[in-house]
Structure formats: structure tokens, C-alpha cells
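Residue numbers (numbering that gives the first Met the number 0), protein chains in the order written: chain A, 0 to 331; chain B, 0 to 331; chain C, 0 to 331; chain D, 0 to 331.
Please note: incorrect hints may appear among the correct ones.
One copy or two, it doesn't matter: identical chains are merged, so the pair holds either way.
Stated by the list, open to error - Quick list of in silico lysine-lysine cross-link-like pairs, DSSO-like style, CA-CA up to 27 Å: (1) Lys140 to Lys72; (2) Lys83 to Lys72; (3) Lys276 to Lys293; (4) Lys241 to Lys293.
Source of the hints: derived by calculation from the structure; they are not laboratory data.
Source: prediction; values computed, not measured.
4 protein chains.
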Amino acid sequence: MNTFGTNFRITTFGESHGAAVGVVVDGCPPGMALDENDIQPLLDRRRPGTSSLVSPRQERDRIGILSGVFEGKTTGTPIAMMVKNEGAHPHDYEELRTLFRPGHADFTYQQKYGIRDYRGGGRSSGRETIGRVAAGAIAMKYLATKGIAVSGRIVSVHGRTGAGEIEAEILAAKNAGDSVGGTAEIVATGCPAGLGDPVFGKLDAAIAGAMMGIGAVKGVEIGDGFAVAGRFGSENNDPISKDGFLSNHAGGILGGISSGQDIIVCIAVKPTSSIAKPQRTVDIHGNDAEITVKGRHDPCIVPRIIPVAEAMLALVLIDAVLEQAKYRSKGE
Amino acid sequence: MNTFGTNFRITTFGESHGAAVGVVVDGCPPGMALDENDIQPLLDRRRPGTSSLVSPRQERDRIGILSGVFEGKTTGTPIAMMVKNEGAHPHDYEELRTLFRPGHADFTYQQKYGIRDYRGGGRSSGRETIGRVAAGAIAMKYLATKGIAVSGRIVSVHGRTGAGEIEAEILAAKNAGDSVGGTAEIVATGCPAGLGDPVFGKLDAAIAGAMMGIGAVKGVEIGDGFAVAGRFGSENNDPISKDGFLSNHAGGILGGISSGQDIIVCIAVKPTSSIAKPQRTVDIHGNDAEITVKGRHDPCIVPRIIPVAEAMLALVLIDAVLEQAKYRSKGE
Amino acid sequence: MNTFGTNFRITTFGESHGAAVGVVVDGCPPGMALDENDIQPLLDRRRPGTSSLVSPRQERDRIGILSGVFEGKTTGTPIAMMVKNEGAHPHDYEELRTLFRPGHADFTYQQKYGIRDYRGGGRSSGRETIGRVAAGAIAMKYLATKGIAVSGRIVSVHGRTGAGEIEAEILAAKNAGDSVGGTAEIVATGCPAGLGDPVFGKLDAAIAGAMMGIGAVKGVEIGDGFAVAGRFGSENNDPISKDGFLSNHAGGILGGISSGQDIIVCIAVKPTSSIAKPQRTVDIHGNDAEITVKGRHDPCIVPRIIPVAEAMLALVLIDAVLEQAKYRSKGE
Amino acid sequence: MNTFGTNFRITTFGESHGAAVGVVVDGCPPGMALDENDIQPLLDRRRPGTSSLVSPRQERDRIGILSGVFEGKTTGTPIAMMVKNEGAHPHDYEELRTLFRPGHADFTYQQKYGIRDYRGGGRSSGRETIGRVAAGAIAMKYLATKGIAVSGRIVSVHGRTGAGEIEAEILAAKNAGDSVGGTAEIVATGCPAGLGDPVFGKLDAAIAGAMMGIGAVKGVEIGDGFAVAGRFGSENNDPISKDGFLSNHAGGILGGISSGQDIIVCIAVKPTSSIAKPQRTVDIHGNDAEITVKGRHDPCIVPRIIPVAEAMLALVLIDAVLEQAKYRSKGE
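Just chain A, same shape as in the assembly (with noise of 0.2 Å):
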């Protein structure tokens, strides 16, 4: 539910007007050194209040190592991390106990439970991610000692490419009261081939469940994705030579298994789903109303999601370089 990973496992806590959001990393290799300064410049790539084109609001959100770190070590024991929750605006948010905002989750959350936290989205709000990133980062440590880099990059806002037309398409939105989608491209170097297991361990299915489990996540390709869909097999298939492949259409994944190559992943973000337009909706007792989003939203939560999917393929790649080690130890 709350835990991701097998051999990294991560849980995370929290909700977005609560005492505290966090995360347990279980699983983390000893003797690695690791303090708050190896975890904080990933969570402030995430942090809002960064630039005129994500939201303005100011959360310092300064990250905590409560154990598993000893004498600037991993231990191999439990590390829990922490950002206590500042900077709400609680009346922004008093609307929200009755009206259900559209495209947001929270007339699934009362269907399914019965009872929301309401402020701000509670649970199902984006500060949740703060701790994936906060586990991503130490990921990301691990795996450059394994010589593997993620990096993220925006691809498209509302069909636009250009930076600054991507730019311009923000704050058209932002400065009518919309918001706007996007795309953005997700590429890890340096895999080694043999990463991921056949059949339902494939790296590209636990890829795509990593990135379609982020919020605003409506699709993901790996390498040519949808394009392969209006190929001959002649074209897709990425030939072999003695000096390695010739291309790389299949975005380094071949039966679920990593070939050695780039792994690009290109994920669909939606238009941030709160906007300050009008909107018809129902309140909690069933009656049409009509809800104008307040509060310091993101225009397009493509920027600010990108630290967020790094984290996740960090997380995946991870868990199955820990997975492969034992086949090593196997095949000795």
C-alpha cells in the first residue's frame, strides 16, 4: 500500500497538513556515507516557491535522518527521515470539506474509505512525494558508486517544445487562472544488461507502475513507446553488431531485461487538476455546486515532478541491482 520496493524498500507517511511527512528506507546497504546534505538538493529541486512558473508557496522543508545512520554511515538498519509541515494556509482550504474538486482524488478517497483528510488533500496531496525523493536520493547515491545516473527533462507543455515557449505556455496559463500538461523524458545511464526478472519482475512493467503511481501520471513509454505502434518489424527491431546494438528503439529494455543501454522513459503529466476557474461539481451530500480552486497552485506540475520520476526509476533500478547481486552470488 505504502511501500514500495522489494530488496530497497521504502514506506512512506504523511499528510500534506499533518504533523509530518517522512519515509523509512528498509534495505539500504551499510557502510555508505550518507548525511542530510547527500538528500536535501534533491528535495529542493522539488520544493515549490522556486520560480514564478510553480507555485508560489514557501516550505522550507529541511529533511531529518531519525537512525540507521551511524557515525556518517549506513548502518544496513532502517533509515527514517522527516519534514515537519509548515507554511499552510488552512482557510484556504476550508471549502474542500464539502466539495469535491474535480480531478482531484478526493471523491475516491470518501468512497473508498468513509472518511478524508480534507486539508489540502491530506494524503493524496503532492507532499507525499517528499519522501520518495528523500529516498531517491540516497538511491542515487548507491547507484553511482555503480556508475548509473538518472536525469530527468520537461519535453513538451501543452504540445510545446521550446524552453521558452514552454515558459510562455506556463504563465499564459497561470495568468488564466488554468493550468496546462506536458510530457518529460526520464534516461538512466550506465545500467549494466541483466537487470530485471522475466515474466512479472519486468523492469519496463515495474517502471511503468512506478511512474504511473505519480500522481498526474496518465501514460509512459519506454524508448519509442506509442511510435512503435506504426512500425514494420524491420524498422523497430534494433540490430546487433560485435560492437553492440545499432539503435536503441526498445529504450534499453529487451523481455523485461535491461540490455546495457540507455533507459528511456517518456511519461504523459496532466494539467494540474486545481484551477481558479469555476467548476461544476457535487458536495459531499450529493448536490450540484460549483467550486473555484483556491490557494498557491502550480500552473503545470511538469517541472516539479520531474525530481519526483527520477526518484522512481532510481528506486526500480536499485531494487534490481540488489536482485541481480544474488544471481552473481548464484552463478559463481
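Position chains B, C and D relative to chain A; hints supplied.
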């Protein structure tokens, strides 16, 4: 690894040219009428040899139930099912002993395990999906008792969308010794609101993982998928009225939890990797080589993937339905 | 590793002398009233410093709930709880930097991880059980709504069984700078028939694993335990009448599934490993050495293990109760 | 439910009088020589009909490997194995349709599932352990390559301990239409230090769960077990010298992690529940009744439990050995 699901758990086994392929289903609700006739029809839909558009291989694929059913009813104990392998032309595969087929898992399995059953792809063969489809048939029978139905259809092949055009594209590729890709849509109707778990157990994340875990699938969309990247929030949010949602761009899932609308999934399927045209590759010693894949292959795998994708969606849904039973109990 | 349970899942974290110890509880039913006052009393029972029979260390161990509760009720999201560490006498532990204490995990942790937090046992300290007890208190509150109650008692210490004898044994050991072992019984009343899963998910197997996973426990019995080895079947079988079972040698579990009778568990607890008497050991370089363990240790850990064992039994039972909800749904 | 293990994962299936019993082993290291002759000898040891001390039923129990082995070597893919059922005397079991046998799972299965395969105990029959033993044989073959060996022996029957006395007790019980319990010891030699995970993944916890999950086992001890309850710490702690531990009261496990000493486990086995003497019971309608269990039953199950207990210990150990491979990789 070879197990899928938490509450309704399936474990598949078997290689393309081994003694048998099969599946063990654990967690099936007790007391449900079940015999082989509930399973065979879905298996027959994925079988080759049924039309000029698919592989002409003749495989009867008769399923047998070995356990878990007593006097015509499920008992709650594991349901093991098996299909004996037959109809193999092993001489078709002799070349695969030393050559890696482009687009296949031959290279990556060898990298991962240092050994592989090269006959017809071994474990990475599409025959592995027999176990998934057999298990999916049981899941569908149970879901039907809850009013939930799953069905799939071909949307496009090689960019064309009409039935006649699709057939023409497939036959043209077949005649050219080539293959073509396509897209398919899988829909579940009748799902109650509340299925799926927040954060890492999201219903759309589980579906994305399940779909991307089918061989040849390279992209997954929920609802409008990649189209949302070009929209404004005011266009994309599904408004709610006292009579229900007024649109379904979200594809029936909000915040990872089903909304009660139809669940809509689209997948991109790559062109079959096995083609009769010569391709560049290497042998197991790393030397340059050329390969022309022999055997009776599908020029387009989309038609035969439909029942597999239906099965996977049914498996995700039954898992969520049984999981949600715990909440119903909790809320009582 | 540090996670226990399937449906009601707890993940503990923290070292004896780190910043904090705590637990994340995932899968708690929503809508249950909960605050710190539901948890603190059970924690207070495991706390040291409460009588002359246990360690005189003063630890307030005040629990704080960080998430998962809104307006006094559980929401179905993870409940994170934390106790800040205090009251440490780190100079008591300086010697542990280089010496392995006999009977403790010092040697094996070093072997496993190549690094260890030696302060007070670090992760292997009994303080880790704070998280278990806090989670167990939530489980007990839920189980009470189903009519299920868990309670434990000391059966014997150093072979003696009366309250006065037990106290005398403990004080004598304390005065001698030594420690003593004992046995305890944990009973669950009110369990419905049908809890537990056959084969590998048996209720007695889960209980045995849960109990043996408590530090210092070296033996577990269900029902009459080792006494059954000396019996005839005609003596040991529990006859059934229309008014129910006529005896309970089985301890409330048949074939791994609860019978509706009281569930009875007995555990053997070894004498506390930390003793003031000199013992032979080695240092981290493998040289012979002698150690006299300093600090304020329990001469007998049985009294303080009782609430931990109660918590573990409650955790096993709530997991089974929630699991069984799926069957109730299935059978509907 | 019917799956055991994390890294080396087995799923058993089959009922006593169904078509077959079997197991799927997932996660077996690739490249290991394997055929049916590696498995059959251990199965033969658990087979009935081999002496006057066990059930005279004749079951050939010939194992067949269906997948996962290619050209005589494991490939890393699932190994499915099956034994066809034969030799049943179904008329022996007709009475079981309506009566619950005391000491058996008949009553609790009916309570749990509302349906049961009553023929010979169905899924709760000892025949289910064929799958465990077959999987255990593979585990033992792998463990042998690491220098680890597992073996078991009868310690006592009905309180007697010499071979002649034990035989006499069993025959006396058999002649009286009764049954007797006993104890057995299982030992693993050659285990490296460092196996097992702290807190909830402790090696002794896993062993206790594995042993208590064998039908008829009612008690489990690690090392000196219940005897430690009567000791002083100064007696019970195992001192360490530069030449290693000076005693092994702990049974080879400290803090849940193997110490490198022999791992010693003792189990209590109840007298076989099936006896020829009349017993009080109820029928499925709740009416008082008397039952005399017919069929060819074991007067003492201890001899036939030994290979099952060995298999379970081997399964726990291989799981820990493969898990530890991740740490070796981490520490590199």
C-alpha cells in the same frame, strides 16, 4: 518474479518447448462453480492457427485442472492448471542455439542467467501467457458475479484503423516477410468506486505494470493518456454533477482509486520481433552474423495480445476487489 | 526485514541511542477513534524504571502520532508514531566499541554488516520493541471491537512459579550481578473460528514466528506444546460435542486455523544476556578478552517481555481477521 | 498462503485425492545440474509403506520435473514438479463427508471456507508436504555447494529415547489402535555467520514459523529452548574465545543472525490424530456423533516428519543465503 497479485495470486511456469506450461492460482474465493469449460474459450482466443492473420501453428492447448476444485466448486485451495506442450518444430529453432534474435530476450536472458533454453524463446515465449489467460478466465468469472466485465479490441495496426485496412496491413506485412505493430484498448465496465490503494498501490499503477509486463507492449495509457499533455486543466478535469461524472478523460481512476466510471486502458504493441527478413546480429561468441528467423510467426501480435491484456486487467481488478473487502469489513 | 504483517503492516525504525525510535502502521481500518492515550498505557507497561525487579533506567517514552489520524479518527492512511530517545548514559557503552558481549547480537551484526551502532545494542536493543508495542496497542483496540482480547502473564522464573518465589529469584539474581530466565503464557480470547490460512499461512506458524522474533525468546509452544510428545492420540485429541470442544490441548488452532477456542501460547525466555559478572569474550580484532557489562540492566526480562508478546499476538490476529474479511466477502 | 520464501520461493498445490500434488519453485539459481534423481530419494524417505512403523499405504510418489531445467541444468526459471495421486481407497473416507475428525482440520476448514474436500483431509493432508520435500531437495543440493548440510533424527517417542524403546512404543500404540507423539531434532552444519535479518526477519523466527507450519508440530525450540528458562545468565551465555564460541546454548543464532555454529532446532510432534479408537465428535449439522477413523494411518508421524522438517529448514536457509548475497554485494 513469476508470481502476480496479492490476494488472488498466480504463479506461472513452463517453457515454450518444455513438457508443459501452466499456472497455480492461489486465493480464489471458495464455493464458485468452475470447470475447464470456463477457461478453454479464452485460451482458444489466444491460440495460434485460427485465421490467416496469425501464426499457422497448430496447438490444441487443452487446459486441465489439477487441484483446488471439488465436486465442481472451488474450495479456496490452490488451483493448478496445465497445458501439455505439443506441435513444436524443434528444427526451426536450431539456429537459435548460437544466434541472438534482434528484438527478443535471447541476449538479455543470456546476460542475466548465463544459460537459456533457446528453443522457441523458452520462458520468454508467448506460450507463458497461457497461464495468465487461464488464471484470468477464473478472475473474469468471479468478477462477473460482481457485475464487472472486461473486454478488449484492436484500435489500430500500422496506423490504420478500419477492420478492412487492418487486415490488409497484416497480410501485406506477412507477404513481405515482415511484421507490423498496433494499438489496443481494454475496458472494464461495472467497477465500483473505491478500488485501488493510494500512493504505491494505485489501481492505475498496477494496471500499467500489468500491461507493460506483457511481451511486446511498449506504452500504456489510462483514459486519454498522452493527449492530456496538450490540454488545459479546464478542459481535462471531469466535472461532476448529481447524476455523476460529466466526462471520463481520467479513464475511471482518480488519485489511483476507481471512480465508478469505465476503466479505459490503451496499449502500444510493437511489431513482432520474429521476421523472415535478414537482420544483423551477433552469435553467442560476439561475432557479427546475419539471421533470418524461421518458423511460423505472427505477422502482427495485436489480435492475440487482446485476451492476454484482458486477463491481466481482470487479475488486477480481482486483486483490488478482494482487497477492498477488507475495507468493507473495517467500515462495518 | 523491518516490516511485519500483510494486511495490518508495521515497519519499525530506530536505534537505542539514535534520535528516535518509532513505527509506521499501514492498513489500519479507517474511522476508528484513536489518540496517544490509547497507546501510552501499553508502552508504560514495557518501560523500565517501574519497580525494583526491572532496570532502573528512567525513560519517559512519550509516544507521538505524526500522521494517519484526522479529527480524532484513523483515515486508513499510514499512522507514523515516534518516541524521542533520552536518558542515555553513553559512557556505559564505550567499552562496547571494541568488545562483543556474550549472548548479544554484537558479534553477528558485525559479521553481517561489517558495521554496527554499538551504543546500547543499537538496532538490536530492546528499545526497538517500542514500535511493536505502539502498533500492538492499535491492533488491540481494533480487535476489542470484534470481541477479541489478548493478555499475558509470567508462568515461571528460574523454575519457580509463585509470585513471591518469582520476586525472590529475580532479586537474588540482581544482587548476584546475574540474571534469570523464565516462561510466559499469552492467551487470546474471543477469536472466531476460521482465522489463519492453510499450509504456509497457518495461524500457529505466524504466531511461532512472531514470538521467536522477540529477542530472548528461545522456545514457543501452542496449546500443550512439548507435553503432547508424551501422549497417546486418544488422550491428546480434543473431542467435540454439540456444545463445543470438550478440551483444548490444541490451544485453539487446528490445521493452522482457529477453532473458536482460546488461543494459548507459551514462550521460553532466556536470562538477560547483560550481566555484571565477568565473562570470556573477544575484541573486534579477535583477541581474547574479559567483559563485565555495565549499565542498568534487567535481572529478568520476562516481566517486560509480556507487553511485547501481547503486541505480537495482537498483530498476528489483526492480520488474520482482516485477511478473513476477504473470505467473508467471497462467501457472500 | 500457499507460497513460502522470498528469494527461493515455493508454491505447493494439490489435495490428497485430487489429480496430483506438486510445487513450483521460483528463484532457483541458474546453472545447477538437476534431474529427478536429485529429488526422489528425499521423497522416498517421507513415503508411507516402507516399514511396520509407518502407514502401510503404497504410494509410489514418482516426481516429474515439468519446467525450469534445460539440458540437465536449472535455467533460473520456475521449476514445476508434480506427483500424480494414486493408491487411494476412497471408501475409507466416505464417513468424512459428514463427520469432523477430532484433532484434524475438518472442522476449521469447514468454518473458514464453507466447503472442503473431505477425501483424506484434502488440502490439509500430509500429502501436501510432497511439494515441500521436493523443493527442499533442490535447496539442499544448492546448500551443499556452500558447505551447508541439514539432517534430522528422532529424539523421543512417548517419552522414550532409545531406538528399541521407540520401536516398541510405536508398535504398542499401533496394536492398540492408538497413536503416540514424540520429538525430533534438526541440525544444520556449515552455515556461515551473518544469515538472517534483524527484527522481523530473524533466522530463528523464520525457522520457528517454518517448523510450526508443519502439521502435528506443537512446539519449537532453538538451541537449548525451554531449558534456558531455568538458568542464570552466567550459565546460559555462550562465552567467546579467539578460537570461537566455547558452548552453543544459543543453537547457532544470536540476535536473529547465524553465528557460524551449528543451528539446532527441536520440535514437538503430537500423536497422529487419526486413531482407530472411537471418539466423540459432531456431524456437519452439529449433532453429537462417534467416529472411528478408518484407513491405513501412521501410529506415529515422527519418522515421516523428519524429511519434511529437514526440507523446511533447508528452505529457510537457502532463502537467507540468497538474501545475504545482496549484502556481500553491498559490502564489496
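Hints, one by one, checked against the model:
Within a single copy, Lys140 and Lys72 get their C-alpha atoms as close as 13 Å, which meets the 27 Å cut-off; across copies the closest is 38 Å, which misses it. For a Cα distance limit of 27 Å, the shortest separation of Lys83 from Lys72 qualifies both inside one copy, at 24 Å, and across copies, at 21 Å. In this assembly of identical chains, the alpha carbons of Lys276 and Lys293 lie at most 27 Å apart only when taken from the same copy (10 Å versus 60 Å across copies). Taking the shortest alpha-carbon separations for Lys241 and Lys293, only the inter-copy value of 23 Å comes in at or below 27 Å, while the best intra-copy value is 59 Å.
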